[in-house]
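Student: Residue-level listing of the chains:
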Amino acid sequence: MIAIYAIAKKELQSYFYSPIAYVVMTVFLIITGILFNTTLESFQSEFTPDHEPMEVIYGSSFWITQLILIPTITMRLFSEDKRTGYIEVLLSAPVKDYEVVLGKYFGASIYYIILWLPTWIYVYILFQLTTPDIGPILTGFLGVILIGLFFTSIGLLASALTKNQVISSVICFCIIAIIFSIGKLKEKVENETLSTIFQQVSLLDHSLDFSKGIIDTSYIIYYISVIVLSLFATVRILESRKWS
Amino acid sequence: MIKVKELTKRFGQVKAVDKINFEVSKGEVVGFLGVNGAGKTTTMRMLNSYLTPTSGSIMINGFCTHKDSLKARMSIGYMPENTPLPQDLRVDEYLRFRSLLKKVKYRNIKKEITTAIDTCLLGDVKHRVIGTISKGYQQRVALSDALLNNPPILILDEPTVGLDPNQIKHIRKVIQEIGKDRTVLLSTHIMQEVESICSRIMIMHQGKLLICDTLQKLKQNMGKNSRLYISSKCDGKSMKAIMENIEGVNTVYFHNKGELQNFTLEINEFSENLQEEIFKCFVENKSILLELKKQQSSLEDIFVKVTNQENGEKTEIQESLN
Chain A
0 MIAIYAIAKK ELQSYFYSPI AYVVMTVFLI ITGILFNTTL ESFQSEFTPD HEPMEVIYGS
60 SFWITQLILI PTITMRLFSE DKRTGYIEVL LSAPVKDYEV VLGKYFGASI YYIILWLPTW
120 IYVYILFQLT TPDIGPILTG FLGVILIGLF FTSIGLLASA LTKNQVISSV ICFCIIAIIF
180 SIGKLKEKVE NETLSTIFQQ VSLLDHSLDF SKGIIDTSYI IYYISVIVLS LFATVRILES
240 RKWS
Chain B
0 MIKVKELTKR FGQVKAVDKI NFEVSKGEVV GFLGVNGAGK TTTMRMLNSY LTPTSGSIMI
60 NGFCTHKDSL KARMSIGYMP ENTPLPQDLR VDEYLRFRSL LKKVKYRNIK KEITTAIDTC
120 LLGDVKHRVI GTISKGYQQR VALSDALLNN PPILILDEPT VGLDPNQIKH IRKVIQEIGK
180 DRTVLLSTHI MQEVESICSR IMIMHQGKLL ICDTLQKLKQ NMGKNSRLYI SSKCDGKSMK
240 AIMENIEGVN TVYFHNKGEL QNFTLEINEF SENLQEEIFK CFVENKSILL ELKKQQSSLE
300 DIFVKVTNQE NGEKTEIQES LN
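Keeping their order, the protein sequence lines are chains A and B.
The numbering of the first sequence is numbering that gives the first Met the number 0, which starts it at 0 and goes up by one.
The numbering of the second sequence is numbering that gives the first Met the number 0, which starts it at 0 and goes up by one.
Treat the hints as calculated values from the structure; they're not laboratory data.
Note that the coordinates shown come from a computational prediction; the quantities given were computed from them, not determined experimentally.
Virtual Cβ for every residue (Gly too), placed ideally from N, Cα, C.
Take these hints with a grain of salt, some might be off.
To give a feel for the contact side, a few chain A residues facing chain B, derived at Cβ under 8 Å [to be verified]:
{"no.": "1", "residue": "Ala5"}
{"no.": "2", "residue": "Val94"}
{"no.": "3", "residue": "Lys183"}
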C-alpha cells in the first residue's frame, strides 16, 4: 500500500513540477470557458435551449475535452520511464508490478480530477445568476469522473505499450475517438446484435445521460470492467519483460 | 551472499548469458569485467530480479530471486548504468520516494536520507531539481539511492562513468568503505578502478564467465610469461645474442635510443637467479647496466589476453582496447 501511495504521489508531483500540468490546465480551462460562455449566451437568446446549462460541459461537448486531456495526461506514464530506463530502477525496488501500475493509475486519476475541479466555478456563477437544478450537475460531474477514470486506464495501457510518448498518445487518442464515435455506426449496420453492441460500447450517450441526471448501473459496471481489464493488461505487459 | 548456478538467459536465438556459475561472499568487492555486449548488464538485471533467467538459479542473501523476489530485492541496492532518474523531482524528494518504495521504516526515513546524502556528499544540492544538477551529482544521487535501507548487497553498473577525477576518487573511497562489511558487485571498463578497489575479478565474454579469481592469483598465473626491461650502454647486437643463450629467456627484443641500448626480454618465469645471470653477462662483457626491471603484466593485458584467446583472433573491439 505504501508503495502505491509513494508512486501515486511521485506521479502527481511530476505533473506539477513540469510545465505539462499548467499547459493542460490552461488549454482545458480555455475550452470549457468558451463552452460555458456560449451556453450562457444561448440561454439569453430568444429560443431558450431545452437542456440544463452544465449539460454542455459535462455532457454533449464532453468528448472534446476527453480527446485532448487523456492522451496528454497518460502518454508519459510508462513511456517516459521506458525510454530513460528508469523503469529498471523502479522495478528493482521491492515493489510488485501491480503496485507500480496502480500507483501510476491513481496519480494520473487524481490529476484528472483536480483538472475538473475548477469547473465548479461555473456552477457557482450559475447559482449567482439563477437557481439551477443541482441533481443533474452532480450526476454530470460523477459521469465526468467515471468516464475520465475509464479512459485514463486505457491511456495507461497505451503508454505501457511503447517507449515513444507520441505513439502512446496517438494510440490513446484513437481508442477514445473510436469508443465515442462507434455508436454512430449502429445506424449503418443491419445486423441487430452488432448494432446493439456498438450502441452499448459507445460512450457518447452515456455522458449525456449522466448530465441529464440518470445514473445507469450498467454503465458503471461497464466502466469498472474495462478499468480492471486495462490495468490487468498493463500489469501483464510489464511482466512480459520476464517472459522468455 | 550471492550464489549463481548454471545461469542462462536467451533472447530468442541469442544466448546472452550462458551457464555461468559464481559465488560472492560477504565483505567482497568484486569487479565484473567484459567487453560491451558480453552479458554483464543482463546478468545484473537478473540478479536484481528485473529479468528472469531462462534456466538456472540465483540466491541473493539466502532468497531465491524467482520464489522470494521481493525479499531478494530488499537485500539489494542497485545502480544501473547511465543513471536514469526522474528529472523533475528534487534530490531529497526523490530519496524520500525511494525510501518509501524500499520499505524503510517511517521513523528512520529522515535518518536514512541524511546518511545517504552525507555519504555521497550531496548536501549542496539536496533541495535542487535533479534535472538541473550536473551528471556527476546525478550519478551520486543514484548511488545514494542504492545505499538507502542499508542493503547487504550492492550492484553497481559502471558507477564512475562521466565523473571528474576528484569525484571518481571519492566514489571509489565510498565503495571501498562500503565493501568492508558488505558485498559489492561492480561492473566497469576502467581497469585501474578494478585494480584499486576490487578483491576479486570476474571476466565475462560472449555470455560465458571466463575468469573468477583474485587479482593476485590472476597476475601470478597470467604473469608467468612476464617481461624484463633492460636499459644499458653496450654493443647491442652482441649482447642480444649473449642474452638469448641464457636459460629461461625466450626472446630478446632490442631497440636503440640514442646512446642507450634497450632490451625487452620475454622470460618463462621471473627469478632472482635470472636477474643475477643477466647482471653477470653485462659484467663479463664490461658493459654498463643502467636499469633492470620486471614488467608486471597489467590487468588490461590479462583482460585483452583472455578475451582474445577465447576468440582465437583479435576482433575489432579488442584491437581498440589494445
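Student: The hint names Val94(A) as touching chain B; please verify it with the least Cβ-Cβ distance against 8 Å.
Tutor: holds, 6 Å
Student: For the hint on Ala5(A), does the least C-beta distance to chain B fall short of 8 Å?
Tutor: holds, 4 Å
Student: For the hint on Lys183(A), does the least C-beta distance to chain B fall short of 8 Å?
Tutor: violated, 40 Å
When held up to the earlier numbered hints, the structure conflicts with hint 3 and nothing else.
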